[in-house]
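Protein chains: 2
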Amino acid sequence: MKAEIITIGDELLIGQVVNTNQAYIAEKFTEIGISVERMVTVSDDLDPILDAFREAWNRVDVVAVTGGLGPTHDDITKKAVCQFFGTSLVSRQEVRENIERLLQARNLPWSPASEEQTMFPASATVMLNRLGSAAGILFEKEGKYLIALPGVPYEMTAIVSEEFIPWLTKRLHGPVLRQVTLRTTGISESKLSGLLGDLDALLQGARLAFLPSPAGVRLRATVLDTDAIVAEERLKAVESRIREKAARYIFGSSTNQLEEIVGNLLTEKGLTISVAESCTGGLIADYLTDVSGSSGYFDRSVVAYSNKSKAELLGVPAELIAAYGAVSREVAEAMARGIRAASGTSIGLSTTGIAGPTGAAAEKPVGLVWIGYADEHLSLAVKLNLGNDRRRVKERAATAALDLVRRKLMKIE
Amino acid sequence: MKAEIITIGDELLIGQVVNTNQAYIAEKFTEIGISVERMVTVSDDLDPILDAFREAWNRVDVVAVTGGLGPTHDDITKKAVCQFFGTSLVSRQEVRENIERLLQARNLPWSPASEEQTMFPASATVMLNRLGSAAGILFEKEGKYLIALPGVPYEMTAIVSEEFIPWLTKRLHGPVLRQVTLRTTGISESKLSGLLGDLDALLQGARLAFLPSPAGVRLRATVLDTDAIVAEERLKAVESRIREKAARYIFGSSTNQLEEIVGNLLTEKGLTISVAESCTGGLIADYLTDVSGSSGYFDRSVVAYSNKSKAELLGVPAELIAAYGAVSREVAEAMARGIRAASGTSIGLSTTGIAGPTGAAAEKPVGLVWIGYADEHLSLAVKLNLGNDRRRVKERAATAALDLVRRKLMKIE
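Protein chains in written order, with our numbering: chain A, 114 to 526; chain B, 114 to 526.
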């Protein structure tokens with residue numbers, strides 16, 4: 114099956130916004146074996162939108178459109194799809210109920226704009242938007258599909274992953290495709306490639322993509338086969354060969370987040386954790402508390418940015434900081450022990466480093482980070498060099514700290 | 114002058130790479146008043162590339178093409194431009210000299226691949242690539258232009274900014290474009306639209322785009338005029354009319370982040386801040402510490418997830434929590450006062466709420482958040498309902514908390 118992705122929005126044509134939506138949809142289509150042939154971006158004007166619809170509809174089987182579904186005057190995708198498919202807007206009960214639910218949750222009243230948003234093309238299927246008022250609009254005609262999605266990324270991704278991809282997968286034909294994504298951290302793309310060795314022997318006809326992100330490299334293995342059971346068996350074999358080579362770095366599969374893995378391990382073992390953060394500035398706590406139920410094992414985090422707060426909250430002696438500097442093995446360990454003692458948790462975790470761009474010294478460059486760890490048996494600290502971009506340093510340090518806990522809990526050295 | 118941007122590359126169509134190149138070129142074109150009408154991405158195959166060339170060449174005055182100029186087998190842009198413009202490749206001295214210089218600088222020998230890279234379309238102009246071997250290829254025909262650029266971002270941006278934009282600016286005619294972006298928070302797109310009222314009266318010929326994000330809605334006003342000074346005056350008038358209507362919600366312009374604005378206000382006034390976070394789980398500290406230099410005004414954040422930690426770290430009495438619940442006006446205020454007292458900062462800020470999906474009660478639904486604020490004169494708490502997605506609740510609560518500080522510091526009620 115072939116697809117085209119059409120993105121609507123003046124903000125893209127003036128370069129103010131980078132088009133992450135089309136990349137997201139392309140990745141999701143590719144994962145289920147749909148080939149994206151072309152991506153097009155046009156302005157918030159009717160004629161270019163209709164031109165793009167016409168061209169795409171003639172060329173491919175699936176057309177995904179994003180943008181232009183909000184309540185403001187520049188949002189004209191609804192008008193365009195109605196004109197293109199010869200239908201008109203009617204008020205739809207399922208859309209109304211969703212909007213009522215959203216407004217209630219935020220304690221907001223019904224408004225004329227809400228009423229406007231219940232209007233939906235008569236001949237289209239509603240793809241529910243759990244997070245916003247603009248539902249996805251799905252047309253099905255002569256074995257082809259066109260879906261119009263809101264441009265707000267988190268709403269678009271929710272509709273695509275939770276509604277549209279499952280719906281579309283049932284309508285696919287041809288060889289079956291099976292995929293697994295293994296999430297790694299703490300190793301670069303090129304080192305990981307070296308570790309895996311001879312790819313032909315490893316993959317035996319499967320495909321492997323290296324997908325880098327600040328949290329680590331994802332490995333996506335894909336098998337195509339005419340037989341579903343054979344495809345699954347081949348995929349399992351590839352996965353186990355990859356895991357054999359890179360076990361230390363693989364923390365989970367698919368959409369597992371590292372903080373969920375760590376949370377599950379803590380819960381299983383009946384352990385609790387507290388965190389003392391300097392250079393990560395609250396990001397470890399932010400990651401941990403993104404997991405619902407984290408209050409069961411996460412007690413507290415202290416973002417001790419000043420030396421004074423390191424002394425007051427964590428009992429790190431001023432003399433220790435004076436002797437070794439705030440960014441040192443000694444202070445990282447003392448912070449981890451200090452937060453563990455203060456909170457009475459099983460594990461204490463800490464970070465101290467130089468996120469940059471300022472604060473570097475000859476011996477201590479931007480990107481230098483110490484991660485401290487303490488439990489009832491031991492305390493230790495690990496030194497990392499994490500580059501020179503402030504946000505990346507924070508993200509990499511927070512990920513490395515959580516991965517250190519994972520490896521300790523799993524007894525992986 | 115109108116333009117189209119064509120990006121060539123399979124890695125984009127499978128969603129592996131986000132297309133930052135087209136956004137960069139679009140921004141540069143917009144800055145000099147060239148209107149980008151369409152962006153297209155196609156695969157590394159000759160037919161789709163030639164189709165895209167034909168369509169764009171018929172529609173616009175300037176066609177920018179990126180990708181497919183490297184030395185590997187899938188790079189076929191040179192072949193495509195030669196076929197499209199009816200010319201052939203010849204070895205060009207200026208390209209040869211540039212490659213020689215690059216190889217010498219890296220101490221590398223001349224190779225057959227280097228020889229191949231000196232081949233350049235006979236009828237095209239060389240746009241020098243200071244950083245790589247693939248020069249930009251510029252065609253000029255019947256008052257229209259097509260430029261083919263390498264896909265490596267830093268090479269592409271160097272050619273565009275140093276060579277092509279200066280070259281093109283000399284050939285421009287037509288109206289100039291001026292823009293401003295105002296960042297708002299704490300108000301939905303539809304309410305903001307209502308607040309601005311009659312858009313025709315407000316804009317008087319300018320265009321306005323509403324760009325929503327979790328942190329708030331950005332408003333982008335655009336003016337086109339034949340005269341640059343008139344365009345700037347008209348834009349200023351539009352901006353001041355928008356500010357008049359929505360002053361309370363506008364925290365900055367362009368790419369200003371709320372945490373930078375708050376940081377600047379604290380620095381100007383010589384004030385310091387500490388934070389006690391429950392439902393935001395460290396996100397306020399994470400935002401604040403994304404700003405380099407935040408150690409000058411940010412002392413600490415305590416993520417007090419457990420009731421025990423609220424008592425120990427913030428001095429919130431267990432009786433207060435028992436009487437009103439952890440998510441209450443009373444506890445939010447006590448947390449803000451508590452962190453301020455413990456840290457000795459000018460301002461104490463706090464959050465307590467139900468991020469969900471679990472933890473709700475009849476009177477306290479998911480999304481209920483109290484923000485507490487304390488300074489030397491007063492303490493208060495504000496109640497918000499922020500929807501039912503855990504991550505969004507955290508982001509909205511953290512943004513609302515920072516915006517409360519901004520409004521207090523600016524004395525906006």
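Each hint should be verified, as a subset may be incorrect.
One copy or two, either will do: identical chains are not told apart, so a pair holds if it fits within one copy or between any two.
When the alpha-carbon atoms are kept at most 30 Å apart in a straight line, the in silico DSSO-like pairs for lysine-lysine are as follows [what the hints assert, rightly or not]:
| no. | residue 1 | residue 2 |
| --- | --- | --- |
| 1 | K115 | K191 |
| 2 | K257 | K521 |
| 3 | K421 | K382 |
| 4 | K192 | K477 |
| 5 | K257 | K496 |
| 6 | K349 | K421 |
| 7 | K115 | K192 |
| 8 | K304 | K191 |
Calculated from the structure, these hints are not laboratory results. Since the structure is predicted, the reported quantities are computational estimates derived from the model, not experimental observations.
Now the hints, each set against the structure:
1. K115 - K191: both (24 Å within a copy, 26 Å between copies)
2. K257 - K521: Cα proximity of K257 and K521: none, with 51 Å in one copy and 55 Å across.
3. K421 - K382: between (35 Å within a copy, 22 Å between copies)
4. K192 - K477: neither (59 Å within a copy, 40 Å between copies)
5. K257 - K496: Result: close neither inside a copy nor across copies, 55 Å intra and 48 Å inter.
6. K349 - K421: neither (53 Å within a copy, 46 Å between copies)
7. K115 - K192: both (25 Å within a copy, 25 Å between copies)
8. K304 - K191: Result: close only across copies, 21 Å inter versus 48 Å intra.
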